[in-house]
Amino acid sequence: MQSSNKGFPDYYTHIGIALFILILLIAELSAPDVYHWQVNSIGQLAGQDYPLSWLMASGYVLFGLILSLGIWMKFKKRNAYLVPELFVLGYAVSLMISAYYQPRSFEEHLLYDRFEDSMNHLMSSIAGISISLGILTFSFVTINRKRKIRALFALIILIVVSILKSFSVFPDYNGLLQRIIYLVILSWLWFDYPKIVPAASNSDK
86 MQSSNKGFPD YYTHIGIALF ILILLIAELS APDVYHWQVN SIGQLAGQDY PLSWLMASGY
146 VLFGLILSLG IWMKFKKRNA YLVPELFVLG YAVSLMISAY YQPRSFEEHL LYDRFEDSMN
206 HLMSSIAGIS ISLGILTFSF VTINRKRKIR ALFALIILIV VSILKSFSVF PDYNGLLQRI
266 IYLVILSWLW FDYPKIVPAA SNSDK
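FYI, the numbering for the sequence shown is 86 to 290, going by the numbering used here.
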């Protein structure tokens, strides 16, 4: 790998993930007792009529923005696989848009805007589909067998857990299931995604 590409784009990806996790931890520690991480979603920390909703919303925006910046820099340096990167970009942009539309509050007795809640769910679904397709297409272009296997394993987990969550198979653990989804996605973005670039083919063996 050329020295000019050393560590690229790890800086953007890792900083974005680190900031997102930090903001998530602060938001969860600041949440009232009625919020339960095993039951409630991460998005509900940016829910309607919640005074600290701006905190988690900023986490989504910063993460999506930094991830998008890293992708743009890769394209600028002509160091990117077009289709896989576009899927990851779709994930990043969808996260940012989802922050604009607030989901229903974790305090379920409160009135809420159904349109905003529906739009938030729609953008979250688009984000999930986009990153899944990103992981799948990156598994096609990487020449590293272990990365291919990890990508397929990650996809299986994402599909199974998403189905369990969508059909509320374990309604008391929807929050936990969502966090498993985030753990899988962020782990792939942290460990494998930055290394799968054309100019770094030697490191992708």
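Just so you know, these hints were derived from the structure itself, not from any lab.
Among the clues, some could well be false.
In silico BS3-like links for lysine-lysine, alpha-carbon gap of 25 Å or less [unchecked claim]:
hint	residue 1	residue 2
1	Lys231	Lys280
2	Lys250	Lys280
3	Lys250	Lys161
4	Lys280	Lys162
Quick caveat, the model's predicted, so the values are computed rather than measured.
Hints, one by one, checked against the model:
With a C-alpha separation of about 12 Å, the suggested pair Lys231 and Lys280 falls inside the 25 Å cut-off, and the hint holds. A C-alpha spacing of about 31 Å is found between Lys250 and Lys280, which places the hinted pair above 25 Å, so the restraint is violated. As the CA atoms of Lys250 and Lys161 are separated by approximately 38 Å, the hinted pair breaks the 25 Å bound. Between Lys280 and Lys162, the direct Cα distance comes to roughly 15 Å. Compliance with the 25 Å bound is thereby established for this hinted pair.
The earlier numbered hints that this structure contradicts are 2 and 3.
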